[in-house]
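> Produce the entire structure from the sequences given, and follow the hints as far as they go.
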Amino acid sequence: MGDSGGEFESGKNQDDLIMQRQREIEKEINESIMLVGDKESLSTLEAEYLSDEIYKLKVKDLATKYKNIRRTRPDGNCFFRAFAYAYFESLLDHKEDYNSFYNIAVESKKKLISLGFPQFTLEDFHDTFMEVLAIAGKEEPNAHDELHAAFNNQGYSNYVVVYLRLLASGQLQQDADFYQHFIEGDRTITEFCHQEVEPMFRESDHIHIIALSTALNVGVRVRYLDRGESTEAIAHDFPEGTQPTIHLLYRPSHYDILYPI
Amino acid sequence: MPTYLTIYLLPTLAEPLFHCSTKLYVNQLRVLLTKRLQKELLSLIKDPPPGVLVDSEKAEQNLSIWTIYMKGADETLFAGEEFQLQFKFSPKYPFDSPEVTFIGPNIPVHPHVYSNGHICLSILTEDWSPALSVQSVCLSIISMLSSCKEKKRPSDNAFYVKTCSKNPKKTKWWYHDDTV
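Taken in sequence, the protein lines are chains A and B.
For any residue, its number in the working numbering is found by taking its place in the first sequence, counting from 1, and adding 14.
For any residue, its number in the working numbering is found by taking its place in the second sequence, counting from 1, and adding 156.
Hints are computed from structural coordinates only; laboratory data are not their basis.
Keep in mind that the hints are not guaranteed to be accurate.
[Unchecked claim] In silico DSSO-like cross-links for lysine-lysine, where the CA-CA straight-line distance does not exceed 27 angstroms: (1) B:LYS244 x B:LYS318; (2) B:LYS202 x A:LYS124; (3) A:LYS41 x B:LYS325.
Right, dumping it as structure tokens:
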């Protein structure tokens, strides 16, 4: 590669173009969709699939089980953000669960430090996580509004997401022998955590959900809305066999919150 | 608590704690960012990795650009050499990775370091996590230098240095070879 200035140029432009386009897409998403939206009727979901027979049937069935949907921003953090929002929201009405979860959350920091996470960076995320969690313990009538506002303020919301990512990573590393079987390729669990769990905006898969729901002992039911054969959006419960506390809707690479009837 | 500081500065807001005004939102992030950088600086001054020294005076003057001196580890190809690193922090740090480059007269001759100081290291771009820190980046760079078996520039050095953006984070890196 020596003399062709034109080639240099095209090489450069390619990188620039890809990244510029990526930033534009991110910006579009940021400006148009709230981190966590308002509660909507499930009929808004039906309206999205009027001309698609497979999805239409599944959404119809979904509407017999769920009354509302709350959308989250599709930024790769949606599972973690939806999980935290839905669970904190449920704690507003269940004070005894709030108290026991508060203790689990306090203890979780010690557990992560004992697993080798640096206390130093962990602390900020844990502190902010606890601060937002504390809102779910408030008795005031506007506690829900406050929670909603916190989840739509990146200064709080993303700190909560990071902390949940670290908790999932901690769980995976603690039970590495078990989770190793679910990792594709020849990555170790630690490598997988560093590449797919801890970085922000990295999308979540089954393994993230199993790890987080196990770490916090919170049952999650995920409804899968996809092109698979069947006339309903199939449910998967995590950890397997538990009673779900929160319900999420999965559509290829995205999670929203569902509210049962 | 420092995160509440902004609320006292803006007493006229209708919903004081979590009002989503841009002003408060920016303040909240700035407060957390400043707190985090001060904490990192203090820790790096007090408890630096071996061979690492931060120019604390400069960093205290401008928290968003640090100069860090690094010595090549003993019994490695870089033993006895001294390097300078520059860390730049965007307002989105720690969600955005720091921009890290070698600067100064001695740029290590290493298969992942370009002659303009840019470093090809996955944690500096796509594998960055907000739980990492200046300290962990320094340790990764020390380890990258220490495991070097042959002092040479990346094979595409001439091409890259001519065409790259000033900011290494604008490069779409291919992390194809972890063995060197």
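> Work down the list of hints and note, for each, if the structure agrees.
Structure-based check of all given hints:
1. B:LYS244 x B:LYS318: holds, 22 angstroms
2. B:LYS202 x A:LYS124: holds, 23 angstroms
3. A:LYS41 x B:LYS325: Distance of about 18 angstroms is within 27 angstroms: holds.
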